[in-house]
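With the hints as constraints, model all of the structure from the sequences given.
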Amino acid sequence: MTSPGDSGKREIWPLWEVFIRSSRGLSHVHAGSLHAPDETMAVRNARDLYTRRAEGVSIWVVPSSAITASDPDAKGSYFESAQGKEYRHATYYTESESVPHL
Amino acid sequence: MIPKTKNVNPATVTAESIAKSAVVAPAGVASYALGLGDDALILAQRLGEWIASAPELEEDVALANIALDLLGHARSLLTYAGSATGVTEDDLAYFRDEPEFTNRQIFEQPNGDFAQTIARQLVVSVYFAELYRALSGSADPTLAAIAAKASKEVDYHFDHSYQWLLRLGLGTELSHERMQRGLDAVWPFVDELFRADGAQADVAVDPARLRARFDSTVPPLIEEAGLTIPTVQPARGGGRQGVHSEALGPLLAEMQVLARAHPGAKW
Amino acid sequence: MPEAQTTSAEEREFQRLIDADQRIEPRDWMPEAYRKTLVRQISQHAHSEIIGMQPEGNWISRAPSLKRKAILMAKVQDEAGHGLYLYSAAQTLGTDRDTMFDQLITGKARYSSIFSYLTPTWADMGSIGWLVDGAAICNQVPLCRVSYGPYGRAMTRICKEESFHQRQGFEILLQLMRGSAAQQRMAKESVDRWYAPALMMFGPPDDESPNSRQSMDWKIKRFSNDDLRQRFVDMLVPQAEVLGITLPDPDLRWNEERGHYDFGELDWSEFHEVLAGRGQANSVRVSRRRRAHEDGAWVREAARAYADAQAAPERIAS
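If you read the sequences in order, they're chains B, W and P.
Note that the numbering used here gives residue 3 to position 3 of the first sequence, counting from 1, and the numbers run on in steps of one.
Note that the numbering used here gives residue 1225 to position 225 of the second sequence, counting from 1, and the numbers run on in steps of one.
Note that the numbering used here gives residue 2181 to position 181 of the third sequence, counting from 1, and the numbers run on in steps of one.
Calculated directly from the structure, the hints in this document are not laboratory data.
Note that the Cβ used here is the ideal one computed from N, Cα and C, for glycine as well.
Among the hints, erroneous ones may be present.
[What the hints assert, rightly or not] Pairs of lysine to aspartate or glutamate, DMTMM-like flavour, derived with a Cα cap of 20 Å:
(1) K2160(P) to E2171(P)
(2) K75(B) to E2010(P)
(3) K1266(W) to D1091(W)
(4) K1152(W) to E55(B)
(5) K2067(P) to E1153(W)
(6) K2188(P) to D2251(P)
(7) K2067(P) to E1049(W)
(8) K75(B) to D2021(P)
(9) K1020(W) to D1091(W)
[Stated by the list, open to error] The calculated label-pair distances, taken between Cβ atoms and stated as ranges, are:
(10) R2145(P) to Y78(B): 22 to 30 Å
(11) R2145(P) to G76(B): 21 to 29 Å
(12) E97(B) to A2033(P): 49 to 57 Å
(13) E2013(P) to S81(B): 14 to 22 Å
[Stated by the list, open to error] Chain P residues, not near chain W, derived (Cβ > 10 Å throughout):
(14) E2010
(15) E2011
(16) E2189
(17) P2248
(18) P2250
(19) N2255
(20) W2268
(21) S2283
Laid out in structure tokens, this is it:
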């Protein structure tokens, strides 16, 4: 199963997902998607579409069809096991709460 | 002689900042800036015609970006040109008649199809890129700043036209044919871009100087796209002297109609 | 596990997320009707942005100052961008853009009927910004919290970008009202034409809007048509005072008891005429887009052919 929105080969220009780094020091963040005939044009279209107001310093584009997503039906088995492991979080450790620099 | 003035920051130079600074262009500089401003304005007006009619929505956005950049250059250059005689960018854009416009003729030509528009964009973007790069070293600080800012923008315009040149030239038989026809249609107007316009040497760029760069840059790109460099007779030209093709009159009539119906009005 | 039971568990989970004001994301299970309603709503919204480029595009070439030309160009460009954001959002529901766009240019899809009105004067650029974008913003701000994630994210981006659209329109009118008698006439005449159609943008009165209830329950519509319309009118009246323009409604007056402005009945027969395709410009708008799309087919095909031939090498991001 691939990315939501991927149309396979039905469309004349395929769909691309766009990731923008809004300033140095930050990660690229998903901004949206667009259509482009190839990766060269996809980067340019992304520049024109998603950085009209100086929103970015770097752009990634990825064919939507190249994204593999986790199975939404397996949400439980994927993400619920992390719940109930509160000992992974600092807030679990209450005895040391008032000790400085801890 | 250029009076010694402080440098102008290219990052922030706009028509508004020039108007506010109360800088006054020396007469020779003003007429030069006017010609460049007219070039950019008329091309922006032409490219604006594509908005809502481009081959794909993404391309509507791309062409509008280019048109907006050019309009920005035009506004700065016209504002500066007008400072010599105390007139505004709008006085110059809306209240001059056709023979007073000094744009070169390539800019006023109708868009044609997308291939022809790309052909013109290729030619003029290379020309602009070379021009503004050289002009950013001008002895006139305002011109230098406008050119330095524009230089980065036209580099992108060049890239846009080059990408499309490749895709149309090497895409399908039909696109190849149309791209070739587009080049053939704009080529007669190339020569005029590089004719001397008698501007002051220390502030302006001698266009003849840019020709060599153009000739070494563009033909290989055309060949890379599988296309042939047109062999056509150059058009007579004369845009800088106010001589225009039949295309400019209707363009101006449309552009100026509302402003002229309300002389003196503010908008 | 029996089929029926599975479905109801999914339904319960869907409803739980909606009730908890959580977002539904593309690959979550959702009722078919929810999906269909959303695709229709989002694509109509996208079509409206794209068709909406034309009434304003009409004045790019004639804008009366270079500053106004630049603003208008940027605004019409934004509309193309907003159409694209929305098509992207709709595409996450499984209908691709080429299909949606085809529905638009073959006249099968709806777009906001406001864009079937003509823009004979420059003042219409002011009225569209102030009244049409003003109404659109009233509609759109609550949609930033819509239950479908991609739609809400697109709306958030759009609302942020549109903040200048209404202001520039208001300032066009303000400038006209400060100008010559002819300019003032132009402004007033335009507002007279656009006021009622703008109020109708919120859709028919609540008692004639049968689908609203379900959409409200799904949280893809956050306020009723009449509530939004009232909010809009309350906003407009003081703004009209700043402009020095009288809104064309003799029944418009402050109601102390309700804490709102009362306003007159709208002529819904006109709304239904436009909706039925008998507006000033219905056929012109669609055929213009269709022509652009058809004229551009060879360009899109060329780019695709080039891409296929290039067999693009892998790129490593950095």
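Results for each hint:
Taken as a hint, the K2160(P) and E2171(P) pair is honoured in the structure, with Cα atoms around 19 Å apart against an allowance of 20 Å. The straight-line distance between the Cα atoms of K75(B) and E2010(P) is roughly 12 Å, inside the 20 Å bound, and the hint therefore holds. Simply put, K1266(W) and D1091(W) have alpha-carbon atoms about 11 Å apart, close enough for the 20 Å limit, and the pair holds. Our distance criterion of 20 Å between C-alpha atoms is met by K1152(W) and E55(B), whose separation comes to about 18 Å.
Simply put, K2067(P) and E1153(W) have alpha-carbon atoms about 19 Å apart, close enough for the 20 Å limit, and the pair holds. Restraint check for K2188(P) and D2251(P): the C-alpha separation of about 18 Å stays at or below 20 Å, so the hint holds. Taking the CA atoms of K2067(P) and E1049(W), the gap is about 17 Å. The hint holds against a cut of 20 Å. The suggested pairing of K75(B) with D2021(P) holds, with an alpha-carbon distance near 19 Å, which does not exceed 20 Å.
Simply put, K1020(W) and D1091(W) have alpha-carbon atoms about 17 Å apart, close enough for the 20 Å limit, and the pair holds. Here the CB-CB span from R2145(P) to Y78(B) is close to 27 Å, well matched to the stated 22 to 30 Å. About 27 Å separates the C-beta atoms of R2145(P) and G76(B), a value consistent with the hinted range of 21 to 29 Å. Between E97(B) and A2033(P) the beta carbons are some 51 Å apart, a value that agrees with the proposed interval 49 to 57 Å.
A C-beta distance of roughly 18 Å is found between E2013(P) and S81(B), which places it inside the suggested range of 14 to 22 Å. For E2010(P), the condition that its CB be more than 10 Å from all CB atoms of chain W holds, with the nearest at approximately 35 Å. At roughly 36 Å from the closest C-beta of chain W, the C-beta of E2011(P) stays outside 10 Å, upholding its exclusion from the interface. Taking the minimum C-beta to C-beta distance to chain W, about 15 Å, the non-interface status of E2189(P) holds against the 10 Å cut.
The beta carbon of P2248(P) sits about 24 Å from the closest Cβ of chain W, which is more than 10 Å, so the claim that it is off the interface holds. Residue-level check passed: P2250(P) sits 31 Å from the nearest beta carbon of chain W, beyond 10 Å. Against the 10 Å criterion, N2255(P) stays outside the reach of chain W, whose nearest CB is about 37 Å from its own CB. Non-interface call for W2268(P) relative to chain W: holds, since the shortest CB-CB distance, roughly 30 Å, exceeds 10 Å.
At the 10 Å boundary, the C-beta of S2283(P) stays outside the reach of chain W, the nearest C-beta of that chain being 16 Å off.
In this structure, none of the earlier numbered hints is contradicted; all agree with it.
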